[in-house]
Amino acid sequence: MKALVPVKRVIDYNVKARVKADGSGVDLANIKMSMNPFDEIAVEEAIRLKEAGKIEEIVAVSIGVKQAQETLRTALAMGADRAILIVAADDVHQDLEPLAVAKLLKAVVDSEAPDIVIAGKQAIDNDMNATGQMLAALLGWPQATYASELLVEDGSATVTREVDGGLQTISVQLPAIVTVDLRLNEPRYASLPNIMKAKKKPLEEKTAADFGVDISPRLEIVTTTEPPTRSAGVRVGSVNDLVEKLKNEAGVV
Amino acid sequence: MTVLVLAEINGQDLAVDQTAKTVSAAKQLGDVVVLCAGTGCAAAAQAAAQLDGVSKVLLADDPAYANGLAEPIAQLVADIAAAYSHILAPATASGKNVLPRVAALLDVMIISDVAGIVDGDTFERPIYAGNAIQTVRSRDAIKVITVRTSSFDAVAQTGSAGVETLSVSPQNTQSKWIEDKTQASDRPELTSAKIVVSGGRGVGSEDNFELIEKLADALGAAVGASRAAVDSGFAPNDWQVGQTGKVVAPELYIAVGISGAIQHLAGMKDSKIIVAINSDEDAPIFQVADYGLVADLFDAVPELISALG
Ligand SMILES: Cc1cc2nc3c(=O)[nH]c(=O)nc-3n(C[C@H](O)[C@H](O)[C@H](O)COP(=O)(O)OP(=O)(O)OC[C@H]3O[C@@H](n4cnc5c(N)ncnc54)[C@H](O)[C@@H]3O)c2cc1C
Ligand SMILES: Nc1ncnc2c1ncn2[C@@H]1O[C@H](COP(=O)(O)O)[C@@H](O)[C@H]1O
Chain U
1 MKALVPVKRV IDYNVKARVK ADGSGVDLAN IKMSMNPFDE IAVEEAIRLK
51 EAGKIEEIVA VSIGVKQAQE TLRTALAMGA DRAILIVAAD DVHQDLEPLA
101 VAKLLKAVVD SEAPDIVIAG KQAIDNDMNA TGQMLAALLG WPQATYASEL
151 LVEDGSATVT REVDGGLQTI SVQLPAIVTV DLRLNEPRYA SLPNIMKAKK
201 KPLEEKTAAD FGVDISPRLE IVTTTEPPTR SAGVRVGSVN DLVEKLKNEA
251 GVV
Chain F
254 MTVLVLAEIN GQDLAVDQTA KTVSAAKQLG DVVVLCAGTG CAAAAQAAAQ
304 LDGVSKVLLA DDPAYANGLA EPIAQLVADI AAAYSHILAP ATASGKNVLP
354 RVAALLDVMI ISDVAGIVDG DTFERPIYAG NAIQTVRSRD AIKVITVRTS
404 SFDAVAQTGS AGVETLSVSP QNTQSKWIED KTQASDRPEL TSAKIVVSGG
454 RGVGSEDNFE LIEKLADALG AAVGASRAAV DSGFAPNDWQ VGQTGKVVAP
504 ELYIAVGISG AIQHLAGMKD SKIIVAINSD EDAPIFQVAD YGLVADLFDA
554 VPELISALG
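The listed protein sequences derive, respectively, from chains U and F.
Sequential numbering from 1 applies to the first sequence in my numbering.
Sequential numbering from 254 applies to the second sequence in my numbering.
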């Protein structure tokens, strides 16, 4: 069996995004970029499946600017076997929409024929939470989103999902798309020897044009603005003080 | 323009608050039709018919639609989509599971987590953990949207729309429901509660988390948690508030032993009044708190409970 893991290069989760003054977007120049945290969890899960003998090969795919190579090298250093980079933007500020990403991923799935695609639940930049579901629709495959537990058996996967009321367990027939949530696992760090080894693993480079799919945006970004900021409040000296303020000033209790 | 709202169904019941807030957003766009897909959910359809602004309810009743499985429900919505200018669902786990799939079936782009409606084509949505608000204009023929419910007020339940039963014959051999592990609670639901009390890593253990729950009960509040508290097993996953958990905007949010990481703030910074209780006076949560109390939570919370009692 083969697993495909889409990994996105995004702003590091420790960095606070700053909106550009002209409203044209978030400033990503000279900002630390990393693998989307959910995608690290997806890569980790694929590696664990391989270690458990459930799958033989892990292919990591990234779509975006050329520098997404680094993200793929990280995936390779963690334990992916090979990588595919689809260069689809020449500026880090150009973010491909999930529909376009899903179309490109579908083309990769058509040629790679994986048994399972393990993606992140959400990219922490655009916060779309959509690509896995869209890819599943385009392929006509079942989907198991927000996984906190994944069991791969013969021809199916049993997935426990984090839902609003708690947890839901479903079984999906393979091939399927799984998107992962925070509690699925704790991703490993790539060791130095593995980082060195990853440099020799195959990384195939393609362009969006190679796939002949329409990736033009459907959403025009009109403007990007700062959210309203909260003005700092006051420190209260004691619990009694707090209760008094909540009752008489804020009127909320 | 006619707008289709996919109702949020819990088991056989209508999730009234989530659906009513989505209807409130939909009303701004046109005439509202609500789709209830589930099994044995005729009562849910009746409840949806009472939502103000709804002109018709469609009931699709079939065991295949039970448990919110994405494949049959997305297909159902896509099959009837052509009659609508917009398709909306609340941005709940279930709405976010189904609607992107619908959008891809229709070859349109999903517009996730919409927090503001500018006009029929133009929408505002938070990105980067709410550190930026993006205004987007859709070029698609049908707009498929999930609605950030904390940004819209629920419509009243004074309507009386008709219910029409759809004849459906869904096929689903791809996915199978096995079980739900949900805990019934007498507390208000997190995303609709007027007061939310959340605990973080500072609470220290699952046992200690009872303190947070006691404070919540003293206030008639819902209980929330930070990711660290959930990851550490102090609280169940569905209590997580934040960028990748639930988004809440209550009248009063009390953060106890929570540092205030951007991912947590993303889920609560639209609350009307924020209280922070933290022993570290430099904790970033104080930068968004209306009232900050620098104290050990194990002293402050019991005191607070008795002061309120
Ligand atoms: C992809 C991704 C998604 C994420 N999504 C979310 C999300 O949705 N929601 C979320 O919350 N986080 C999320 N996080 C995690 C986030 O970055 C923080 O790690 C998390 O919010 C920290 O939780 P905390 O404040 O409880 O813990 P900490 O940061 O460890 O803070 C604990 C606080 O408790 C205080 N404290 C300790 N003891 C006491 C005491 N006795 N009395 C009073 N105060 C005390 C400390 O001073 C400290 O400020 C996400 C992270 C990533 C990478
Ligand atoms: N440009 C991309 N390249 C590779 N994978 C992506 C890309 N965009 C999204 N994904 C995958 O889809 C998941 C969800 O992203 P999103 O739908 O954008 O929130 C991510 O966690 C990735 O696994």
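If you are wondering where the hints come from, they were derived from the structure by calculation, not from laboratory data.
There may be inaccurate statements among the hints.
Here chain F is said to cover these stretches of chain U; the calculated rule only asks that three of the stretch's residues, wherever they fall, bring their Cβ under 8 Å from a Cβ of chain F [what the hints assert, rightly or not]:
{"id": "1", "region": "137-143"}
{"id": "2", "region": "192-201"}
Dumping the calculated DSS-like pairs for lysine-lysine here, alpha-carbon to alpha-carbon at most 30 Å [as the list claims (entries may be wrong)]:
{"id": "3", "chain 1": "U", "residue 1": "Lys245", "chain 2": "F", "residue 2": "Lys429"}
{"id": "4", "chain 1": "F", "residue 1": "Lys525", "chain 2": "U", "residue 2": "Lys247"}
{"id": "5", "chain 1": "U", "residue 1": "Lys54", "chain 2": "F", "residue 2": "Lys525"}
{"id": "6", "chain 1": "F", "residue 1": "Lys429", "chain 2": "U", "residue 2": "Lys50"}
{"id": "7", "chain 1": "U", "residue 1": "Lys54", "chain 2": "F", "residue 2": "Lys467"}
{"id": "8", "chain 1": "U", "residue 1": "Lys106", "chain 2": "F", "residue 2": "Lys429"}
{"id": "9", "chain 1": "U", "residue 1": "Lys20", "chain 2": "F", "residue 2": "Lys525"}
{"id": "10", "chain 1": "U", "residue 1": "Lys2", "chain 2": "F", "residue 2": "Lys447"}
{"id": "11", "chain 1": "U", "residue 1": "Lys245", "chain 2": "F", "residue 2": "Lys525"}
{"id": "12", "chain 1": "F", "residue 1": "Lys309", "chain 2": "U", "residue 2": "Lys247"}
{"id": "13", "chain 1": "U", "residue 1": "Lys247", "chain 2": "F", "residue 2": "Lys429"}
{"id": "14", "chain 1": "F", "residue 1": "Lys447", "chain 2": "U", "residue 2": "Lys50"}
{"id": "15", "chain 1": "F", "residue 1": "Lys467", "chain 2": "U", "residue 2": "Lys245"}
What follows is a list of derived Cβ distance ranges for each label pair [said to hold, decoys possible]:
{"id": "16", "chain 1": "F", "residue 1": "Thr418", "chain 2": "U", "residue 2": "Asn194", "range": "57 to 65 Å"}
{"id": "17", "chain 1": "U", "residue 1": "Ser238", "chain 2": "F", "residue 2": "Arg440", "range": "23 to 31 Å"}
{"id": "18", "chain 1": "U", "residue 1": "Tyr189", "chain 2": "F", "residue 2": "Glu504", "range": "39 to 47 Å"}
{"id": "19", "chain 1": "F", "residue 1": "Asp533", "chain 2": "U", "residue 2": "Thr225", "range": "29 to 37 Å"}
{"id": "20", "chain 1": "F", "residue 1": "Lys429", "chain 2": "U", "residue 2": "Thr225", "range": "51 to 59 Å"}
No experiment lies behind these values; they were computed from the predicted model shown.
Every residue, glycine too, gets a C-beta built ideally from N, C-alpha and C.
For each hint, the structure was consulted:
Counting residues of the region 137-143 of chain U whose beta carbon lies closer than 8 Å to any beta carbon of chain F gives 5, which reaches the threshold of three, so the coverage claim holds. Closer than 8 Å: that is the beta-carbon criterion, and the region 192-201 of chain U has 0 residues meeting it against chain F, so the requirement of 3 is violated. A distance of roughly 52 Å separates the Cα atoms of lysine 245 of chain U and lysine 429 of chain F; the hinted pair therefore is violated under the 30 Å criterion. With a C-alpha separation of about 14 Å, the suggested pair lysine 525 of chain F and lysine 247 of chain U falls inside the 30 Å cut-off, and the hint holds.
With a CA separation close to 50 Å, the supplied pair lysine 54 of chain U and lysine 525 of chain F exceeds the 30 Å bound. Taking the CA atoms of lysine 429 of chain F and lysine 50 of chain U, the gap is near 25 Å; set against the 30 Å cutoff, the hint holds. For the proposed pair lysine 54 of chain U and lysine 467 of chain F, the alpha carbon gap of about 46 Å is over 30 Å, so the pair is violated. As the CA atoms of lysine 106 of chain U and lysine 429 of chain F are separated by approximately 24 Å, the hinted pair is consistent with the 30 Å bound.
Between lysine 20 of chain U and lysine 525 of chain F the alpha-carbon distance is near 27 Å, which keeps this suggested pair within the 30 Å criterion. For the given pair, lysine 2 of chain U sits about 48 Å from lysine 447 of chain F by alpha-carbon distance, which is inconsistent with the 30 Å threshold. The hinted pair formed by lysine 245 of chain U and lysine 525 of chain F meets the criterion: a straight-line CA distance of about 14 Å does not exceed 30 Å. Under the criterion of a C-alpha separation no larger than 30 Å, the hint pairing lysine 309 of chain F with lysine 247 of chain U is inconsistent with the structure, at around 43 Å.
Restraint check: the Cα-Cα separation between lysine 247 of chain U and lysine 429 of chain F comes to about 50 Å, which exceeds 30 Å; the hinted pair is violated. This hinted pair does not check out: lysine 447 of chain F and lysine 50 of chain U have alpha carbons roughly 47 Å apart, beyond 30 Å. A C-alpha spacing of about 21 Å is found between lysine 467 of chain F and lysine 245 of chain U, which places the hinted pair at or below 30 Å, so the restraint holds. Checked against the given bound of 57 to 65 Å, the beta carbons of threonine 418 of chain F and asparagine 194 of chain U, roughly 59 Å apart, stay inside it.
For the pair serine 238 of chain U and arginine 440 of chain F, the beta carbons lie near 28 Å from each other, so the given range of 23 to 31 Å is met. Evaluation of the 39 to 47 Å hint for tyrosine 189 of chain U and glutamate 504 of chain F yields a pass: the beta carbon distance comes to about 43 Å. At roughly 32 Å, the beta-carbon separation of aspartate 533 of chain F and threonine 225 of chain U lies within the given 29 to 37 Å, and the hint holds. Separation of lysine 429 of chain F from threonine 225 of chain U is about 45 Å and departs from the stated range, judged on CB atoms against 51 to 59 Å.
The structure does not agree with the numbered hints 2, 3, 5, 7, 10, 12, 13, 14, 20 stated previously, though it agrees with the rest.
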